[in-house]
Amino acid sequence: MLLEVVTGFSGRYTALMLINCVAYQDGRKLADIQPADIHLYLDRPGCFVWVALREADPATLHELQKQFGLHPLAVEDACHGHQRPKIEEFGDSLFVVLHMLELNGTELRVGEVNIFAGPNYVLSVRSGVEKGFQDVRTRCENEAHLLKHGSAYVLYALMDAVVDRYFPVLDHLESEMEAVEERIFAADSSARANIEALYSLKQQLMTVKHAVTPLLEAIANLAGARVPALLTGMREYFRDIYDHLQRLNLTIDSTRETITTAISVNLSMITLQESETMKQLAAYAALIAVPTLIVGIYGMNFEHMPELKWRYGYGLALAGMAILDGILFYRFRKARWL
Amino acid sequence: MLLEVVTGFSGRYTALMLINCVAYQDGRKLADIQPADIHLYLDRPGCFVWVALREADPATLHELQKQFGLHPLAVEDACHGHQRPKIEEFGDSLFVVLHMLELNGTELRVGEVNIFAGPNYVLSVRSGVEKGFQDVRTRCENEAHLLKHGSAYVLYALMDAVVDRYFPVLDHLESEMEAVEERIFAADSSARANIEALYSLKQQLMTVKHAVTPLLEAIANLAGARVPALLTGMREYFRDIYDHLQRLNLTIDSTRETITTAISVNLSMITLQESETMKQLAAYAALIAVPTLIVGIYGMNFEHMPELKWRYGYGLALAGMAILDGILFYRFRKARWL
Amino acid sequence: MLLEVVTGFSGRYTALMLINCVAYQDGRKLADIQPADIHLYLDRPGCFVWVALREADPATLHELQKQFGLHPLAVEDACHGHQRPKIEEFGDSLFVVLHMLELNGTELRVGEVNIFAGPNYVLSVRSGVEKGFQDVRTRCENEAHLLKHGSAYVLYALMDAVVDRYFPVLDHLESEMEAVEERIFAADSSARANIEALYSLKQQLMTVKHAVTPLLEAIANLAGARVPALLTGMREYFRDIYDHLQRLNLTIDSTRETITTAISVNLSMITLQESETMKQLAAYAALIAVPTLIVGIYGMNFEHMPELKWRYGYGLALAGMAILDGILFYRFRKARWL
Amino acid sequence: MLLEVVTGFSGRYTALMLINCVAYQDGRKLADIQPADIHLYLDRPGCFVWVALREADPATLHELQKQFGLHPLAVEDACHGHQRPKIEEFGDSLFVVLHMLELNGTELRVGEVNIFAGPNYVLSVRSGVEKGFQDVRTRCENEAHLLKHGSAYVLYALMDAVVDRYFPVLDHLESEMEAVEERIFAADSSARANIEALYSLKQQLMTVKHAVTPLLEAIANLAGARVPALLTGMREYFRDIYDHLQRLNLTIDSTRETITTAISVNLSMITLQESETMKQLAAYAALIAVPTLIVGIYGMNFEHMPELKWRYGYGLALAGMAILDGILFYRFRKARWL
Amino acid sequence: MLLEVVTGFSGRYTALMLINCVAYQDGRKLADIQPADIHLYLDRPGCFVWVALREADPATLHELQKQFGLHPLAVEDACHGHQRPKIEEFGDSLFVVLHMLELNGTELRVGEVNIFAGPNYVLSVRSGVEKGFQDVRTRCENEAHLLKHGSAYVLYALMDAVVDRYFPVLDHLESEMEAVEERIFAADSSARANIEALYSLKQQLMTVKHAVTPLLEAIANLAGARVPALLTGMREYFRDIYDHLQRLNLTIDSTRETITTAISVNLSMITLQESETMKQLAAYAALIAVPTLIVGIYGMNFEHMPELKWRYGYGLALAGMAILDGILFYRFRKARWL
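Those sequence lines, one after another, are chains A, B, C, D and E.
Those letters in the first sequence? Residues 268 to 605, by our numbering.
Those letters in the second sequence? Residues 268 to 605, by our numbering.
Those letters in the third sequence? Residues 268 to 605, by our numbering.
Those letters in the fourth sequence? Residues 268 to 605, by our numbering.
Those letters in the fifth sequence? Residues 268 to 605, by our numbering.
Incorrect hints may appear among the rest.
Identical chains blur together in the list; that is why a pair holds if it fits in one copy or across any two.
[To be verified] Under the rule of at most 27 Å between Cα atoms (straight-line distance), these lysine-lysine pairs were calculated in the DSSO-like manner:
id: 1; residue 1: Lys333; residue 2: Lys353
id: 2; residue 1: Lys296; residue 2: Lys415
id: 3; residue 1: Lys353; residue 2: Lys546
id: 4; residue 1: Lys353; residue 2: Lys476
id: 5; residue 1: Lys398; residue 2: Lys353
id: 6; residue 1: Lys296; residue 2: Lys333
id: 7; residue 1: Lys415; residue 2: Lys576
It should be emphasised that the hints constitute simulated quantities derived from the structure, not laboratory data.
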């Protein structure tokens with residue numbers, strides 16, 4: 268059917284771009300519809316259309332702009348991408364930009380979803396990440412009593428899903444941090460690797476912070492005094508998202524502070540290790556320098572050096588040096604230089 | 268009797284989970300009641316039910332949700348646990364999340380208590396820590412004139428108890444900090460142990476801060492302009508908790524700053540000690556190098572070196588070296604290199 | 268024609284100073300006019316004059332001050348230059364100061380544009396940078412439906428253009444930062460060059476921040492509650508600029524934090540490298556000191572040193588030393604000291 | 268007479284605890300009264316009682332609580348001590364907690380004064396410091412025209428006295444700081460002593476800050492919009508205290524920043540000194556190593572070494588070494604290594 | 268005439284203390300008057316008196332307090348000096364404290380001016396700096412149309428003059444900073460001198476900040492919502508001062524941040540230089556140690572060492588050592604150790 272859509276709508280949609288286009292009424296799914304028919308459903312009372320796109324091109328966006336009457340500045344932002352997370356009101360509709368975070372092994376991938384929500388439509392445009400919102404749609408369709416709230420509930424469900432996906436990412440960073448902490452205080456760890464890991468963690472944390480903090484500020488308004496008309500009656504739900512974001516923010520801030528502390532602690536450990544290495548080296552140097560002085564003594568050319576004539580002079584000298592080094596070694600070990 | 272309860276209420280409560288379920292009227296204890304009978308007491312005028320659970324499972328919580336009419340989002344939070352401390356209003360009832368801190372030797376254990384409070388009930392769900400609220404209940408039952416305030420007073424008493432338990436934890440951290448301070452400036456301390464102690468103190472302090480700061484923000488509202496209906500007339504009591512939290516916060520912040528300073532001071536001490544060790548090593552090196560040069564001189568093979576023929580040349584050379592080292596040693600000692 | 272203007276207006280305008288002087292009505296260009304005729308157009312309904320100057324001298328500014336009725340304090344600021352970015356209201360007109368940033372190779376050039384905007388005029392005075400606003404004028408003239416908004420739209424278009432030109436500058440700094448990051452962790456990089464690069468990046472970033480942050484504060488008012496009369500109906504456009512500035516600000520702040528982290532990480536790397544060099548040196552020192560001790564032994568003058576008489580004593584000694592050094596070398600290599 | 272009081276008032280007051288108990292009317296002292304008679308004076312129009320205690324025990328406080336009708340939460344705070352500086356309203360009376368700072372040699376002693384002030388009474392409870400408020404009482408009694416303002420003026424006079432005593436403490440810390448600054452840059456100072464001094468200064472400064480900052484916040488309200496009824500007409504006086512606190516706060520903050528800078532500068536100086544010491548050591552090492560090489564050369568056993576046969580070979584060799592060291596010494600001195 | 272004044276006014280004014288005492292009406296100078304006659308002019312409509320003092324003693328101030336009806340708290344502040352910059356309202360008059368900064372060579376001198384301004388008088392009391400306000404008076408007298416605004420305009424002119432004198436001071440600090448920056452990265456600079464310069468710059472900057480920041484906060488109110496009656500109609504002028512202060516503040520903050528960065532960069536440079544010196548030393552050590560080993564070899568006493576018998580053995584050994592050192596030198600140079 269998707270292929271049909273592609274040809275039926277001026278041939279511009281590809282199966283890749285359009286994921287879903289469904290009309291709902293009174294909390295129940297009405298039908299998969301064709302994009303070209305959207306306007307037929309927008310005027311029905313209690314009905315709204317939920318369209319999901321991915322990696323949409325400007326042309327497609329401009330066509331949907333006409334269907335839904337989207338504001339040009341919002342569409343322009345969606346076309347350009349790389350926006351700061353934000354929630355903007357345009358008349359009675361909202362334009363929401365969220366960052367999406369995906370762990371790909373240890374690499375952090377940043378995508379974006381732009382959501383246009385009006386009284387009778389929700390349009391989500393996702394880019395840059397693999398995982399979509401099929402699970403959100405399924406959950407919504409199973410909870411007819413909530414979906415009755417209309418497009419506002421869908422907006423909440425999408426935002427909630429995006430925010431909930433931040434938690435495992437942050438958990439990952441926290442456990443990485445704990446691993447680094449252990450290594451810092453371990454005797455045999457590579458300080459160089461620790462520094463690199465801390466630096467990289469800091470950078471990844473900043474990426475998460477860029478997703479969370481601006482959204483926190485933006486959503487404070489939705490949960491605060493002046494609620495947009497669209498979200499009337501949903502206040503407690505958005506306060507719940509706000510609460511999740513605050514928890515994320517708290518964790519980010521404390522992890523950030525921990526990293527800063529860890530970097531300076533690591534520097535202390537490096538300096539300390541340098542100092543310990545220096546002592547160790549000095550101890551070994553002494554173990555060599557002392558006998559070197561002694562052999563020097565017996566290398567002197569004085570005529571009257573009785574020891575030189577002794578039968579076991581040589582042996583005694585060697586033994587003396589060995590004993591001296593033994594004593595030194597014992598004392599260095601006791602002083603923990605060796 | 269508790270076992271009776273367990274079987275009488277669909278067999279789901281275990282003695283471990285349900286601690287108390289008591290109805291109160293006009294400041295006096297009415298009766299230990301069975302959870303299944305809670306609804307019988309909720310409508311009596313001047314009567315409220317105070318239930319204490321620990322490590323409650325979702326099923327239990329959902330049953331109590333029905334009994335008390337709790338908000339689903341609040342119950343969901345209580346089921347998940349690991350919340351940020353907060354105070355949320357749902358209609359005329361409050362949902363309060365507090366962190367509980369317990370010192371287990373030198374280890375800091377973090378638990379959580381979720382309190383649901385409405386006009387005629389208080390439900391506390393504790394998890395992760397040993398010590399409960401039996402002492403709070405006893406104190407409340409002994410102060411009938413205060414317990415007359417109803418569930419709001421119980422909420423205050425619980426919160427006050429949780430906050431008061433932060434003080435010994437913080438005192439412990441402060442005295443640990445003082446111990447580290449002394450060690451930092453002591454000549455023979457292990458810089459490595461100091462760093463580890465400072466880092467660990469910082470982490471523990473962050474844990475306390477996470478319990479205190481969000482609560483401080485949340486309670487500012489209870490003590491501030493718009494007081495929830497439930498707490499009318501209790502303003503001065505909550506301002507008292509607020510004041511305690513501010514004191515804790517002040518101590519946390521200054522200890523945190525002290526730790527930061529101590530870390531950088533410790534780095535200075537390490538660098539300084541390295542520098543002093545270097546001087547010490549250099550002094551010892553000189554004590555060896557100077558005689559090494561002298562023995563080298565008398566190891567030269569010139570034909571005409573009169574000293575070599577002297578009867579006591581060897582002895583004089585040795586004595587000379589000893590005297591030279593003595594002078595050097597004296598001067599190094601005077602310069603505090605040794 | 269410009270030359271004509273120069274002579275027609277008391278000979279003071281040079282072609283360099285006056286770039287354009289055009290009257291517009293209802294979104295369409297009316298005519299290139301002479302500065303001396305400006306007053307003829309100011310009173311026509313729906314008409315406004317847009318004058319663009321560069322490197323204007325005080326005399327010219329004072330003449331235009333009379334034509335447009337500009338406020339003396341604003342003109343004084345424009346004469347002095349080197350202002351902080353700001354937006355000031357004087358009655359029903361606005362005085363806007365913006366910094367202009369231009370990359371000249373790797374050097375960052377800072378210019379300034381002062382814009383005077385009233386209901387029926389816009390006067391822009393640019394200084395210190397090459398690129399002007401010809402493209403803005405062209406775009407405006409092509410969008411008659413927007414230009415109908417009058418001088419407020421021109422003000423928006425100018426500010427939007429200036430702010431949009433900050434992005435490539437910041438992109439440049441970010442990619443420089445990434446280059447430095449890679450070098451910091453590379454084994455063979457010059458720490459000295461890294462420090463200089465980080466310091467210079469920080470300075471350039473501060474320059475960008477000085478352009479962005481004060482403007483962000485100033486424009487918050489235009490997009491906020493009390494909008495100046497001149498900008499009525501343009502709120503969403505200025506919110507768009509505000510949003511761009513916030514994005515810039517976020518990037519500046521995080522890059523700044525990254526630089527701070529990088530400086531301290533770089534210090535750690537220097538200390539670490541010093542420590543590694545020390546180990547390397549110590550290893551080499553051992554490779555020399557150990558055989559030196561041995562040759563010392565065989566330089567002793569004991570009468571009874573059997574090895575000295577051996578036929579291959581010398582060869583064996585040399586071989587022994589070589590083998591010893593070989594073993595040492597192998598062990599140092601294994602311990603990664605060499 | 269004080270002893271009489273002790274016995275007359277259920278034997279609980281000791282001369283140590285009760286300092287003064289005086290009734291005033293219309294700015295003049297009425298009489299030293301006995302605590303038991305306080306209630307006789309409270310109802311007289313234009314009359315107020317001013318009681319000064321020190322190191323009061325809970326029993327005494329509870330009795331005065333009954334006499335004056337103090338709020339139980341305030342009295343509880345006064346009994347516990349160790350409060351944060353604060354100003355709390357309880358109905359028409361105020362409860363004020365101030366820290367008192369006293370220099371005892373170089374040690375900083377922290378005391379506390381709790382002041383209960385109502386329309387017709389002032390009760391001050393001091394603990395932990397030597398110096399009391401006798402001078403304040405004397406000054407007040409000499410300024411009848413001001414004392415006519417009643418208890419509010421006494422409250423002002425007490426707070427003003429406490430705050431004024433912060434200045435010499437801070438002056439002391441500032442001059443200590445200046446002494447440390449000079450030592451940091453002096454060539455022969457002990458870096459270790461400097462670090463300890465800076466750390467201790469920082470700690471003492473934090474103590475002063477804990478006295479000043481919370482009070483500053485609290486008093487901002489007294490000087491600000493909503494003034495408690497008790498203080499009507501005294502606004503300018505409390506603004507004066509506020510101004511003093513701001514001055515103190517400014518000095519504290521800048522000294523704190525200076526200490527932070529000084530700690531990092533001190534670390535630079537330590538590193539620098541280490542580096543200079545290293546050069547010095549290396550220079551001395553060279554002065555020994557070079558002749559050691561030369562004596563080694565003439566210690567070689569080649570058959571054909573013509574110098575060895577020379578009459579003055581030995582002397583020339585010694586002289587050569589001396590000259591070489593002379594040249595080296597000269598060059599090291601010139602390069603400022605020695 | 269000034270001497271006359273001194274005797275005519277109870278002999279207390281000295282020529283040094285009283286600079287000017289002039290009455291103005293409708294923007295024109297009326298007459299130089301004697302302090303004793305001030306009251307004669309205060310009641311004339313449209314007339315105000317402008318008195319300028321320097322290093323005034325308390326007695327003089329108290330006499331003028333009576334003449335002008337100044338508030339005792341303000342006069343007390345002026346007598347004590349060393350105030351924080353501030354603007355305080357006392358009824359319909361203002362009390363303004365400003366810091367004055369003067370460069371005396373490279374030393375920064377801090378003075379103070381206290382201005383009392385009421386509807387019909389301005390009294391300025393300057394202390395601690397050389398330069399007065401004669402130029403301000405001259406400018407005011409030349410601008411009759413502005414001086415018509417009365418005492419408020421004089422207050423503005425004085426404040427504007429004080430603030431404008433901050434700019435050259437800050438410019439001086441900035442150019443000092445640039446000089447230090449260049450030195451930090453220069454190869455042959457003295458790190459010690461750089462640290463001292465940075466520390467001193469920081470201190471001087473703090474002095475400027477103490478002059479600017481409190482004033483900025485104070486003046487925000489004058490330019491903000493609630494303007495004191497005295498300054499009605501002068502809002503744009505005070506906004507202009509506010510704008511200058513913000514520019515100063517911005518520069519101070521960024522210079523401060525630059526200094527902090529420079530200190531840490533300087534530490535990196537010191538550590539780096541230490542590391543480079545260490546390599547250099549190690550290279551030289553190798554140039555000595557390697558031949559020392561070789562001479563040791565030929566100092567061994569083995570009977571069978573063929574080289575020792577060679578005719579040119581000695582020469583070859585010396586040459587070998589020279590060549591070896593040559594190779595080493597070449598390689599160290601290539602690795603940039605030398």
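Hint by hint, here is what the structure shows:
no.	hint	verdict
1	Lys333 with Lys353	within (23 Å within a copy, 38 Å between copies)
2	Lys296 with Lys415	within (11 Å within a copy, 45 Å between copies)
3	Lys353 with Lys546	neither (57 Å within a copy, 53 Å between copies)
4	Lys353 with Lys476	both (14 Å within a copy, 22 Å between copies)
5	Lys398 with Lys353	within (21 Å within a copy, 32 Å between copies)
6	Lys296 with Lys333	within (24 Å within a copy, 30 Å between copies)
7	Lys415 with Lys576	neither (112 Å within a copy, 107 Å between copies)
Violated hints, listed in ascending order, are 3 and 7; each of the other numbered hints is respected by the structure.
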